[in-house]
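Throw the hints in and build the complete structure from the sequences for me.
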Amino acid sequence: MPRRLLRDGQVVEDDWLILGDAGTGADIGTDAPLIVPFEQWQADRARWLERPGRLGVILAPADPVESLIPDLSRFALLGAEFPNPSEGRGYTQGRLLRERWHFGGELRARGYVRRDHLFLLARCGFNSFELPDGEIDEARSALFTFSAAYQPSNDAGLLAPLAHR
Amino acid sequence: MYRYDPIDQTLVDERVAQFRDQTRRFLAGELTDDEFRHLRLRNGLYIQTHAPMLRVAIPYGLLSSRQLRALGSIARRYDRGYGHFTTRQNLQYNWPKLETVPDILAELAAVEMHAIQTSGNCIRNTTSDHLAGVAPDELEDPRPWCEIIRQWSTFHPEFTYLPRKFKIAVSGASRDRAASLVHDVGVHLVRGPAGEPGFRILAGGGLGRTPVIGQIVREFLPREHLLSYLESVLRVYNREGRRDNIHKARIKILVRTLGIEEFRRRVEADWELNREKSPRVSEADIVRMRGYFAPPDYRTLPDSDPAAGKSAPFRAWYRYNTAEHKIAGYRAVYVSLKKPDVAPGDATDAQMELIADLADRYSFGEVRVTHSQNLVLADVEQAKAHELWRVLDEAGLATPNIGTLTDMICCPGLDFCSLANAGSIGVAKSINERFDDYDYLYDLGEIDIKMSGCMNACGHHHVGNIGILGVDKSGEEWYQITIGGSAGADAALGSVIGPSVPKADVPETLARLLQVYLERRLPEERFVETVRRLGVKPFKERVYAATAAA
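Chains H and L, in that order, give the protein sequences.
Under my numbering, read the first sequence as residues 1 to 165, first letter to last.
Under my numbering, read the second sequence as residues 166 to 715, first letter to last.
Treat the hints as calculated values from the structure; they're not laboratory data.
Ideal placement from N, C-alpha and C gives every residue a C-beta, glycine not left out.
Don't take each hint at face value.
Claimed, not checked - Output of the computed footprint for chain L on chain H, the stretches with three or more beta carbons under 8 Å from beta carbons of chain L: (1) 5 to 16; (2) 76 to 88; (3) 142 to 152.
This is the structure in structure tokens:
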């Protein structure tokens, strides 16, 4: 069954392949949109840039987001991996990508991502979420958990503007 | 004091709805224990030895009489008729039922209160000086800045999943009554080279297993940059703080590992990219926020000596339990929560309601919670101190021991906390029984005991003039004693005097330490100063020589 995800508030089938997932080995075709983990991206940057298909990179929590900046225009998707429920570095990665370097593509959260995380992730710029399939249909409402906020942030993943003072 | 506007009220109301749904899902089996733990911990709800413990935020320790009345009412209807005021100026309920917590939060929201971020690895309640706005040694009232930090830190999208908890304290006076040097970040209100207002920023202080005094990150920060700078400090910590070992995850470990120079360099490098984009505190914000903390309508009164000609108990109370006020004719009054037979910091529902009434009658309807777990009525007319004392005395709230040996700071300990090794409340009781002679206590002068039931140091034992730490020795309660610590502007960590002592010997051990002090002190010298002058040795010798002889 194709993976479903919540993107811009809609439940959609994922059109991206992820390198390392079942069926996506080294023999992967050249045109399909492909997400490469940061480690493989770094190991063989030229190879992935030559590939004509759309390209995405997923960062692990400790990966330095700054190293993606020289190639930023080449990425249609960037993402952060949340290996456990208390991981928080991805929130900084997301905000920096959106606010410091104005990344405009898809920003994806994957790993331990639940509806209770969505609101703050969306405030940090994430607009696509890999959730457990059983939770995905109800998760959209979490993007409306709060209707106001104290701090300015980019809010790129929210569906409605927040009230600010 | 600060009053909610529609934005504040919307946020707490929506939080109640969010937490109600999370609790419902947990009780329906849709969330596992572990999944729910991560959610409830960002809302002040712990599962403790006997029951859940709910910690309610009291921002910088300031309460209206209406709020205190609501806390008393909640204690009566949802708990066992009391609450526990903590060293971080919050209130804990020890016996709420999990399924009623959403209702408690809704009642709190109705009086502009909440439990947001009172636990968990996020930015906790911002604490401050309990004499803010009335202390004669104050440069500037820190409370408008505390409220600015409170709002900025509430549901901060980037900093809600930090490596570990994060505590900020703000001080605007020359005496640091907020223990800011043992906080993750200390903010001091200072003046710059040209007399302009701003901040000194410290980081890396903390207690727990590895006690450290905070170091200066920036000597002077113009005030409009406060939030952008804090954001950079938090960002460096969020990215680089350790997450692999809970005991090495606080910012103090990062600062120590990098060194203060390298830590500062990283903060400043981020801030250079951040300062123009991130929240800037405008003059209009400052004016608006100051408006909430404008001085009350003080009367023009002469200073007087209300103790003259009054009874000895009142004179003692007035001397120890009231503090100087910057306005003539007024006094700040401590409401002591250190009655010898009561756990330090505990107040009953009836006491909370009474204190709320007294605040309305004598102190413009406001109450403060102190870092040392007492309450303060900050704006009492000197001429009314005597009638106030009579009411407090009758209610058991006038124990004349503020700043003395038995004004102990103490964590809830083994009696309530699942982490503790030791029953700190029981030890506090035995100390109270041993030192019940007020002439002796007054002769000892200013001295504090801080006691923690385990090395998480909720009782701040490291910075007690005398610190007492509960340790477990094959199932028995033993106590390690330190001396010479301080949490003030002269902050220092205490030194261990030697091997830990059994529970029954704690009062006698203290008596011997105090004996050395009384014999060897110089005129006007406080206990902590004598310890610093003489070193630990003479104290240690007295304690252990006596043991060996016995």
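task = Apply the coverage criterion to the stretch 76 to 88 of chain H and chain L: a residue qualifies when its Cβ sits closer than 8 Å to a Cβ of the chain, and three qualifying residues are needed.
result = holds (count 4)
query = With a cut-off of 8 Å between beta carbons, are at least three residues of the stretch 142 to 152 of chain H near chain L?
reply = That given contact holds, which follows from 8 residues of the stretch 142 to 152 of chain H lying within Cβ reach (below 8 Å) of chain L.
request  = Mind taking a look at whether chain L covers the stretch 5 to 16 of chain H? Criterion is 3 or more residues with CB to CB distance under 8 Å.
outcome  = violated (count 0)
When the structure is compared with the earlier hints, a violation turns up for hint 1 alone.
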